[in-house]
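Novice: What follows is the residue order along each chain.
Protein chains: 2
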Amino acid sequence: MFKEITIIGPGLIGASLALAIRSKKICNKIIGIDSSKKNLDDAINRNIIDEARKDIDARISSSSIIFICTPVSSIDNIIKKISYFSNKNQIITDVGSVKNIFSKRTLSNNGLRYSLVPGHPIAGTEHSGARNAEIDLFKNKWCILTPYKKRSKSVKIISKIYKKIGMKVSVMSTLEHDKIMSITSHLPHLIAFTIVGTAFNLNIKKKNELINFSAGGFKDFTRIGSSDPKMWTDIFIKNKKYLMKTLELFLKDIEVIKRDIKNNKVEEIFNLLKRTKKIRKSILEKGI
Amino acid sequence: MFKEITIIGPGLIGASLALAIRSKKICNKIIGIDSSKKNLDDAINRNIIDEARKDIDARISSSSIIFICTPVSSIDNIIKKISYFSNKNQIITDVGSVKNIFSKRTLSNNGLRYSLVPGHPIAGTEHSGARNAEIDLFKNKWCILTPYKKRSKSVKIISKIYKKIGMKVSVMSTLEHDKIMSITSHLPHLIAFTIVGTAFNLNIKKKNELINFSAGGFKDFTRIGSSDPKMWTDIFIKNKKYLMKTLELFLKDIEVIKRDIKNNKVEEIFNLLKRTKKIRKSILEKGI
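Quick note, the sequences are listed as chains A and B, same order. Just so we're on the same page, the numbering used here is the position in the first sequence counted from 1, plus 17. Just so we're on the same page, the numbering used here is the position in the second sequence counted from 1, plus 17.
Please keep in mind that the hints were generated in silico from the structure rather than gathered at the bench. A hint or two may mislead.
Pairs of lysine-lysine, PhoX-like flavour, derived with a Cα cap of 20 Å [what the hints assert, rightly or not]:
#	chain 1	residue 1	chain 2	residue 2
1	A	156	A	121
2	A	224	B	158
3	A	275	A	258
4	A	269	B	269
5	B	223	A	295
6	B	97	B	71
7	A	258	B	222
Sequences are here, hints too, so could you generate the full structure?
Specialist: Structure (structure tokens):
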């Protein structure tokens with residue numbers, strides 16, 4: 018039981034985290050910091066946070082743990098601001114979808130001005146903001162931690178909190194995380210965002226009815242592709258290295274099936290699709 | 018109320034159709050024809066069909082309506098077989114996901130040896146076979162009919178049946194249908210099938226755990242990508258023309274966002290993603 022936890026950016030993830038933390042009685046008081054007054058109002062009105070602040074200031078030194086739940090491009094700079102007021106006993110953790118994002122300065126202060134435990138609870142919906150927060154958002158999902166000091170007390174604490182709110186925890190390197198996310202999340206989102214635009218530019222009479230004529234497929238893609246634009250712009254830029262590599266591999270694979278279709282290579286296509294079904298089966302059996 | 022209806026290929030779609038038709042008391046007797054004994058057994062055991070046959074023969078002349086629910090590459094040939102026994106009062110309809118698939122011979126017999134009403138009830142799951150049939154599969158979904166004689170009595174009958182089992186019906190040309198499907202269904206499936214293979218070829222330590230680290234995104238893709246390989250091979254080949262055109266447009270759009278990411282064009286990416294969100298909103302508001 019902690020006295021106080023601060024959530025910087027109590028949006029969909031941050032506010033859901035606050036709800037889950039409160040329900041599990043992990044701390045007494047939750048502070049929310051956000052530059053958006055509207056989001057802070059939502060969080061206060063839904064009783065998600067106990068106190069709302071616009072800025073990071075000296076008061077942050079009373080929080081045992083600080084969760085940074087902003088778009089990834091802001092995280093490093095926020096840590097810099099916190100570091101003026103923090104001490105080495107305070108844990109700073111984040112929830113960003115890209116993990117190789119920390120400056121040398123931030124890493125060199127780790128253990129001196131704060132204890133840094135980078136994290137990524139893999140959960141979310143296509144909605145955003147505190148008004149869409151869900152208490153059960155994290156239940157039975159996975160959380161990846163990418164600590165620089167794997168056996169530290171701070172890692173144990175953050176891991177315990179995520180387990181307490183129903184998550185399974187996996188520890189890996191930042192690079193392994195960013196590689197995995199490039200295929201399981203970032204490329205699918207890139208494709209989904211793109212295909213909705215492609216559909217809209219097609220020369221089709223019944224364009225506004227497109228969504229009706231979709232069983233799964235396109236409908237799933239539009240849902241994925243309606244996620245928060247700012248958050249995803251940041252992710253695409255910050256994980257550029259692995260996202261571009263994975264995209265290139267995907268485009269090569271697309272070229273193969275494209276050529277097979279063009280040349281009516283029925284057997285080759287069938288074998289490709291059959292293999293996919295097998296892979297899925299093996300992933301499902303081993304994975305979950 | 019019809020005396021008899023034949024379902025050729027009582028798989029997921031055909032058997033679900035039989036269940037829905039029976040529950041709405043649209044006919045007295047349902048015949049199932051399939052080359053797979055196992056699937057026929059499943060259909061008989063689940064009481065989906067009243068009689069199972071291996072072949073198309075003279076007995077088919079007693080059915081008022083014949084639904085062809087096989088992979089699209091077989092449909093035209095099946096109509097040829099039926100035509101030896103059928104008469105102009107019998108309606109032949111299909112449920113194929115590609116509609117520009119009929120030979121000149123098939124079209125020239127329309128109105129003489131049978132009345133052809135090509136159709137596509139847009140429904141399905143990633144599962145196949147009579148054992149996975151669902152009575153409510155078609156409820157509140159759309160069915161597209163692409164008749165060559167739009168105002169015929171047969172079109173009215175087929176349209177009425179689909180409405181009776183809960184579908185909304187839209188009539189359009191075969192080409193318009195195939196163009197729409199290329200973006201709402203065929204390209205999303207092509208991408209989903211491909212990306213699972215790409216994931217499997219990645220150099221990742223925790224490959225078998227990939228699916229765990231996926232909230233939406235990849236998980237949705239693997240589900241879509243585990244659909245029936247034979248059915249989808251046929252669809253890709255049969256709708257080659259529009260699928261390839263749509264794929265080219267998509268790849269052009271991917272090149273644009275790829276270039277923007279490579280060059281850190283934050284504003285351009287943000288605007289692209291924001292537009293997608295808007296398009297989805299407008300599609301959802303107007304469409305459903």
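Novice: Mind listing which of the numbered hints don't hold for this structure, in increasing order?
Specialist: Checked against the structure, the hints that fail are numbers 1 and 3, while the rest are satisfied.
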